[in-house]
Amino acid sequence: MIQTDLQDSELEQALRQQFHKRYGDPPPVAPLWSQLSAHLASQESHSAQRPGVLARAFRVPARSGRRLSLRQSIALGLFLAVAIGAASYSASILLHPLLQVPAAEGRVYAHVDQTRTLGDVTITVEQAVADSDWVIIGVSAERPCLIPSDACQFDLAAPFLTTQDGQEIKAKAILSDSAYRPGKQEAAYVFFFKPPQLSGQPANLNLHLELHLVGDGGEPVGDAAAFDFTLPNHVGASS
Amino acid sequence: MEESSVIRRAQTGDQRAFQQLVETYHALVWRTARALLGDAAAAEEVEQEAWLDVWRGLPTFQADRSFRPWLLTVVANRSRKYARRHVVVAEPLDESALEIDVGASDGIAHVLKREQRRELARALASLPAEQTRVLALRYFADLDLAEIAAVTGAPLGTVKSRVHRALGALRERLSLEREPDAPDGAASLKTRADY
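Keeping their order, the protein sequence lines are chains A and B. Quick note: the first sequence uses numbering that gives the first Met the number 0, first residue 0, plus one each step. Quick note: the second sequence uses numbering that gives the first Met the number 0, first residue 0, plus one each step.
Isolated chain A, as found in the complex (with noise of 0.2 Å):
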C-alpha cells in the first residue's frame, strides 16, 4: 500500500458535500419575499420612509434660492405635521410587543419611566419587573433621524445590573426590534437578568442599570445612560 495525500481537489469536493450535508439547502424564497414585501408594504404606509419619496413629494432643486410654492408650503406644513405627531409617538409602540413573548408576559410590571440622552440618543426605561425567574426591563430609545440612513442607526451595549450590594449581573438574554418612524430611528430593547442572590428577601430590590451604545466594532463607547430605581421584589411569583 502506498501512503499518500489526499489531493487537494478531492478535500474541496468532500468539504463541500459535508457543509451540503451538515447545513443543507437555502429555504425557498418565496415565504422570504413574502415576509419582505409585507414589511415594505408596512414602511410605504409611513409614507416617508425613502428619501425618493421626500424628494419626490417637494421636488425642492437642490440648490435653488427659490422659495417655496404654495402647493409646496402646504405640503411641507403636512409633513411637518405628521412628522411632529409622529414624534410624540413614543418608540414605546415598539417595546410592548416585545413584552408579551411568552419569556416576559403575565408578569405585573411596575413603571420606572426615566428618560438620559446619550449624544442625540435618547433612552427611557420604561418598564421593570423582579420575580424568582428574572429581573425584565423594558427600555425605548430613539434618535432624530429626518431621512433614513445608515448615520441614524444605533445600538446598545449588553447591559450589566448592580443590586444594592454590589452584585454585577449580566444580561441572559435581550429581545430587541427597531424601526424608521418619520422624524426618528426608534429601537426597543427587552433584557433578561437572572435574579440576584440576596441574603434574606428583601421587599424591593435597588438597582443601577448603565446602558452604552455600540460603536461600528460591536464594542461599548462613549459614556453611559445612568438609571437608578426600585422595583418590588415579587420572589416566588414568576409567570
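Hints in this document: simulated from the structure, not taken from any laboratory. Mixed in with the good hints there might be a few duds.
To be verified - Under the rule of at most 16 Å between Cα atoms (straight-line distance), these lysine to aspartate or glutamate pairs were calculated in the EDC-like manner: (1) B/K80 <-> A/D149; (2) B/K80 <-> A/D176; (3) B/K80 <-> A/E218; (4) A/K20 <-> B/D38.
As the list claims (entries may be wrong) - Calculated from the model, a selection of chain A residues having no Cβ within reach of chain B, i.e. all distances over 10 Å: (5) T114; (6) L117; (7) W133; (8) A157; (9) F159; (10) P194; (11) Q200; (12) N205; (13) H207; (14) D222.
Unchecked claim - Simulated coverage check for chain B against chain A, where a stretch passes if three residues somewhere in it have a Cβ under 8 Å from a Cβ of chain A: (15) 39–46; (16) 59–71; (17) 78–85; (18) 122–130; (19) 161–171.
C-beta: ideal position from N, C-alpha, C; glycine also.
Fit chain B to the supplied structure of chain A, relying on the hints for placement.
Only chain B this time, still in chain A's reference frame:
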C-alpha cells in the same frame, strides 16, 4: 437586464426590481449567514433583516459599484449584531446524516467512501471554530478569500493562513492511504483505521 439597471430601478422604490435582487442573491445571503452563525433559524432571521437593511440603504448605494461586496457587508453586520444579542449554538454535527447513498449492495468502494466522510466529519469537528467558519464560508457559501476577509473582519493574510492551516490539519488528521491497484478517486481511499 443588467444588474446595475435593476439596482437603479430598486433605488427608485421599484419593488419588482428589489424582488429580482432578492431572488438572485437569496442563496448567497442565506449560505453566508448560515456559515457565519451555524444555525438555520438564525440565518433566516438575519437574512430577512439584512434585506430590509439593503432596501433602506439602496438610496445611498452607488449603482456603478459592485453590489455583491456591499450586500455581503450588510449580511456580515447583521450577523454580528445577531450574535451579540443571542447565544448562537451551532448545530452539532450529525454523523449519521453523512451516510449518503450507501447501500449494502454498493460494494466496498462505497463503504470506504462512507468511512472517509465519517473521518472528515470527525476531523472537521476537531478544528477551532474560526477555522471551521472560514472553511464553511469558502466551501459552503462559495466566497473568495477577499470576501471572507470582508465578512469576518479579519485581514486577508489571516484568512489565507486560517484556510491553509485548516486544510493542513484536515489532511494530517485524515492520513489517507491508497491501495496500489485501486481505481482513481475518493472511492478508492481507505482510512488509517482500516489497517
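Hints, verified against the model:
The hinted pair formed by B/K80 and A/D149 meets the criterion: a straight-line CA distance of about 14 Å does not exceed 16 Å. Using a Cα cut-off of 16 Å, the hinted pair B/K80 and A/D176 holds, with the two alpha carbons roughly 12 Å apart. A threshold of 16 Å between alpha carbons decides the hint, and for B/K80 with A/E218 the separation of about 11 Å falls inside it, so the pair holds. With a C-alpha separation of about 14 Å, the suggested pairing of A/K20 with B/D38 holds against the 16 Å cut-off.
Residue-level check passed: A/T114 sits 23 Å from the nearest beta carbon of chain B, beyond 10 Å. A/L117, annotated as away from the interface, keeps every beta carbon of chain B farther than 10 Å; the closest lies near 18 Å. No Cβ of chain B comes within 10 Å of the Cβ of A/W133; the nearest lies about 16 Å off, and the non-interface call holds. Its beta-carbon lying about 7 Å from the closest one in chain B, A/A157 breaks the requirement of being farther than 10 Å from that chain.
Even its closest Cβ contact with chain B, about 15 Å, leaves A/F159 beyond 10 Å, as expected for a residue assigned away from the interface. In this structure A/P194 is separated from chain B by more than 10 Å, as the shortest Cβ-Cβ distance comes to about 19 Å. The non-interface label for A/Q200 is consistent with chain B: the shortest C-beta to C-beta separation is roughly 30 Å, beyond 10 Å. Every CB of chain B lies more than 10 Å from the CB of A/N205, the least distance being 27 Å, so the non-interface label holds.
The Cβ of A/H207 sits about 22 Å from the closest Cβ of chain B, beyond the 10 Å cut-off, so the non-interface label holds. The beta carbon of A/D222 is kept farther than 10 Å from every beta carbon of chain B, the shortest such distance being approximately 20 Å. Counting residues of the region 39–46 of chain B whose C-beta lies closer than 8 Å to any C-beta of chain A gives 3; at least three are required, and the coverage claim holds. Only residues whose C-beta sits within less than 8 Å of a C-beta in chain A count toward coverage, and the region 59–71 of chain B has 1 of them, not enough to reach three; the restraint is violated.
For the region 78–85 of chain B, the assignment as covered by chain A holds, since 5 residues bring a beta-carbon within under 8 Å of that chain's beta-carbons and 3 suffice. With a cut-off of 8 Å between beta carbons, the region 122–130 of chain B has 1 residues touching chain A; three or more are needed, and the interface restraint is violated. Coverage of the region 161–171 of chain B by chain A holds in this model, with 3 residues showing a Cβ closer than 8 Å to a Cβ of that chain against a need of three.
Comparing the model with each numbered hint stated earlier shows that hints 8, 16, 18 do not hold.
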